[in-house]
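Asks: Keeping their order, the protein sequence lines are chains A and B.
All residue numbers for the first sequence refer to this note's numbering, where the first residue is 1 and numbers rise by one.
All residue numbers for the second sequence refer to this note's numbering, where the first residue is 1 and numbers rise by one.
Hint data in this document are derived by calculation from the structure and do not stem from the laboratory.
Don't take every hint at face value.
[As the list claims (entries may be wrong)] Below, computed lysine to aspartate or glutamate pairings styled on EDC-like, alpha-carbon distance capped at 20 angstroms:
{"#": "1", "chain 1": "A", "residue 1": "Lys7", "chain 2": "B", "residue 2": "Asp427"}
{"#": "2", "chain 1": "A", "residue 1": "Lys71", "chain 2": "A", "residue 2": "Glu15"}
{"#": "3", "chain 1": "B", "residue 1": "Lys462", "chain 2": "B", "residue 2": "Asp143"}
{"#": "4", "chain 1": "A", "residue 1": "Lys42", "chain 2": "B", "residue 2": "Asp143"}
{"#": "5", "chain 1": "B", "residue 1": "Lys385", "chain 2": "A", "residue 2": "Glu15"}
{"#": "6", "chain 1": "B", "residue 1": "Lys130", "chain 2": "B", "residue 2": "Asp143"}
{"#": "7", "chain 1": "B", "residue 1": "Lys425", "chain 2": "A", "residue 2": "Glu15"}
{"#": "8", "chain 1": "B", "residue 1": "Lys425", "chain 2": "A", "residue 2": "Asp83"}
{"#": "9", "chain 1": "B", "residue 1": "Lys161", "chain 2": "A", "residue 2": "Glu15"}
{"#": "10", "chain 1": "B", "residue 1": "Lys130", "chain 2": "B", "residue 2": "Glu3"}
{"#": "11", "chain 1": "B", "residue 1": "Lys385", "chain 2": "A", "residue 2": "Glu120"}
{"#": "12", "chain 1": "B", "residue 1": "Lys280", "chain 2": "B", "residue 2": "Glu291"}
{"#": "13", "chain 1": "A", "residue 1": "Lys71", "chain 2": "B", "residue 2": "Asp427"}
{"#": "14", "chain 1": "A", "residue 1": "Lys72", "chain 2": "B", "residue 2": "Asp427"}
{"#": "15", "chain 1": "A", "residue 1": "Lys72", "chain 2": "A", "residue 2": "Glu15"}
{"#": "16", "chain 1": "A", "residue 1": "Lys42", "chain 2": "B", "residue 2": "Asp427"}
{"#": "17", "chain 1": "A", "residue 1": "Lys42", "chain 2": "B", "residue 2": "Glu457"}
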Amino acid sequence: METGFSKAKIYAYLEGIFFLLCSLALIAYSLSEHYAAHVEWKQSPYLFPLLIAFFLLPLSLALLRQAHSLKKDSPNPEFLFRDTVIVGGMTLLYIVIMPYITFIIATILLLIGLFLYLGERRYVLIGVLSVGFTLIIYAIFDIALHVMLP
Amino acid sequence: MTELLGIFSYAVDLRFIFLVFIGSLSGLFVGSIPGLSVSMATALLVSITYSWQTSDALATIMGVYVVGVFSGAISAILINIPGAPSSVVTTMDGFPLAKKGDAYKALIYAVAYSFVGTIFGFAALAVVAKPISAIALRFTPMDYFLLATFGLTTVGSLTTKHFAKGLISACLGLFFSMIGIDSVMGTARLTFGIYDLQAGINIVPALVGLFGFSEVLMVVSSSESKEEVNSVKYQKIPFKEIMKHFPLSLWYAAIGTVIGALPGAGGPVAAFLAYSQSKKIVKNPSVPFGEGAVEGIVASESANNACIGGAMIPMLTLAIPGDAVTAIILSVFYVHGLRPGPMFIQTSGSMFHAILAGGFIGSIFLLLLGLFVAPRISKVITVPKRILLPMVTILCIIGSFATNNRMFDVYLMFFFGVLGFFMRKRDYSVAPMTLAIVLGGMMDSNFRRAISLASSEDAFMKALIGRPITILLIIFILITLLSNSKSLKKFLLKRRMLHASNG
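The task is simple: from the sequences and hints, build the whole structure.
Replies: So, in structure tokens, the structure goes:
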């Protein structure tokens, strides 16, 4: 077996440790809450979470074992980190500010931002799609389906 | 007879037919555009159809499901990228055939045999649902718990390369399903003081996040490649030549229906199995398999579409979904206050008829849209991701907001989207988690009921797991767990090698 820590191996170990901690935390939570609730196990709301935690425990150990047997040159899944974070961040910002600046304005702004960021350069198309799509969604949800959009 | 009358009453309802058509048309585009999935569209539809009548919601969803599964073949044939996972096998012969200038022929075969597969699957559903429900009536709470556990273990084993990761995904789903007020004792559980969590994790934002927003992030995170599109030129193909493969397609459809009925297996597995069967059965294909053999397309498309009816069987009779889409459809039932299970056909017969009618009408639209629209949408399937993704993002957000008119659900959707993204990047399938979120509440209540009932008996263990059905289910679970255990496989291999060296 090869030794040394590649990026893939470190991530695999972190995953295993994370789920091991989750399992232990859930066991501790279920036990403490159960005894505080003063009910029999057969009726306890914490019986099933405890069962899940006990099931998760060997699985997290299996992950750690898998991480241990990973080769030094195991590939790590690569992804466009910056693009993902920016698109995710823009979406989160949209969700946060939508209640303050209303659905229509927030949606038009997000669509323009995303179209531009993802590489669309036909400005007329961006304008038509951003405004048109927003108004169609507004008409469908707010007017037809009576969803009270912010 | 009553079944036929029930189905017929929907088949002549113009509103119902129109809604199936709308769903079918959406399914055609969603399924054929790589990056958009049938599960994503169905999850979004749950939020849109939240306030509709159940039969209207089912009509639309059945249209999307039936035509969406077929239309994955369009991009598989034209650009070598399957629009849906179940069309992966169609690329093997569909794309080579299209490259030879026979794209139209490949499409027509895909349409015809998707239709045959769909009809076969729904006919099987109509025939076997009642007998299975009758058997399921004998199930105890422990059996239901074990059946759901069996479903989760098979999904865990079939949807990921690493069994442990599949099961961890299921555990996470069960964990999320436990959040909220406990249905038995009325205690707030795992809410950590967050008021909005007391109502539990709403299934709609969770599904939209896991299948919709995570898909957006997945596409953004991978670099876009330019697709080569095969042109579609009309060809005259004799009906007799197309129907030559009909008898064999029934065998592939039977494989698809059985595989579809196994929780978690779904279209890709069925298509692969049928394809390998066709390689064994068909000794003289039109051209060698993998080089554009129509026999390959027939096998793949008959099987993957037959899975739809198959996946409905356990969902309607046992409340155990056969795949991710049926898990979402199950949530539609819950959202509309219906309880699938052994009594479903008796208590909600009209909904059962609506599903069958939706499936049959959907398959007719599959035929019509497949023959007349599919050959003309090669431009649409290459809509740039930079145009598509922002709109899908908005639909995910509004779709999750629409369920309860509250921003908390949108944050939930965002959370599940990011979680789903990381899970998929790290090879954790989100399908077991989806199934677990849907089934978790049922598993919890049945498990506790089983324990309560057994504890009032003298022989606790016998009462809990002593019945033949229960023992059978435990054996099934153990077989699934052990057959996927790497350590056991290594041990058996070592023993075999030792035997070989001694012998």
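Asks: Compare the structure with each hint and give your call.
Replies: Here's how the hints hold up against the structure:
The suggested pairing of A/Lys7 with B/Asp427 holds, with an alpha-carbon distance near 16 angstroms, which does not exceed 20 angstroms. Our distance criterion of 20 angstroms between C-alpha atoms is met by A/Lys71 and A/Glu15, whose separation comes to about 16 angstroms. For the proposed pair B/Lys462 and B/Asp143, the alpha carbon gap of about 13 angstroms is at most 20 angstroms, so the pair holds. At most 20 angstroms may separate the alpha-carbon atoms for a hinted pair to count; A/Lys42 and B/Asp143 meet this at roughly 17 angstroms.
As the CA atoms of B/Lys385 and A/Glu15 are separated by approximately 31 angstroms, the hinted pair breaks the 20 angstroms bound. Between the alpha carbons of B/Lys130 and B/Asp143 the distance comes to roughly 19 angstroms, so the proposed pair stays at or under 20 angstroms and holds. Of the pairs offered as hints, the one joining B/Lys425 and A/Glu15 holds, with about 13 angstroms between alpha carbons and a cut-off of 20 angstroms not exceeded. Under the criterion of a C-alpha separation no larger than 20 angstroms, the hint pairing B/Lys425 with A/Asp83 is consistent with the structure, at around 15 angstroms.
The hinted pair formed by B/Lys161 and A/Glu15 meets the criterion: a straight-line CA distance of about 16 angstroms does not exceed 20 angstroms. Only pairs whose Cα atoms come within 20 angstroms are accepted, and B/Lys130 paired with B/Glu3 is accepted, the gap being roughly 11 angstroms. For the hint linking B/Lys385 to A/Glu120, the alpha-carbon distance of about 10 angstroms falls within 20 angstroms, and the restraint holds. Annotation: proposed proximity of B/Lys280 to B/Glu291 holds, straight-line Cα distance about 16 angstroms (limit 20 angstroms).
This hinted pair checks out: A/Lys71 and B/Asp427 have alpha carbons roughly 17 angstroms apart, not beyond 20 angstroms. The straight-line distance between the Cα atoms of A/Lys72 and B/Asp427 is roughly 19 angstroms, inside the 20 angstroms bound, and the hint therefore holds. With a C-alpha separation of about 17 angstroms, the suggested pairing of A/Lys72 with A/Glu15 holds against the 20 angstroms cut-off. For the suggested pair A/Lys42 and B/Asp427, the alpha carbons sit about 36 angstroms apart, so the restraint of at most 20 angstroms is broken.
A distance of roughly 13 angstroms separates the Cα atoms of A/Lys42 and B/Glu457; the hinted pair therefore holds under the 20 angstroms criterion.
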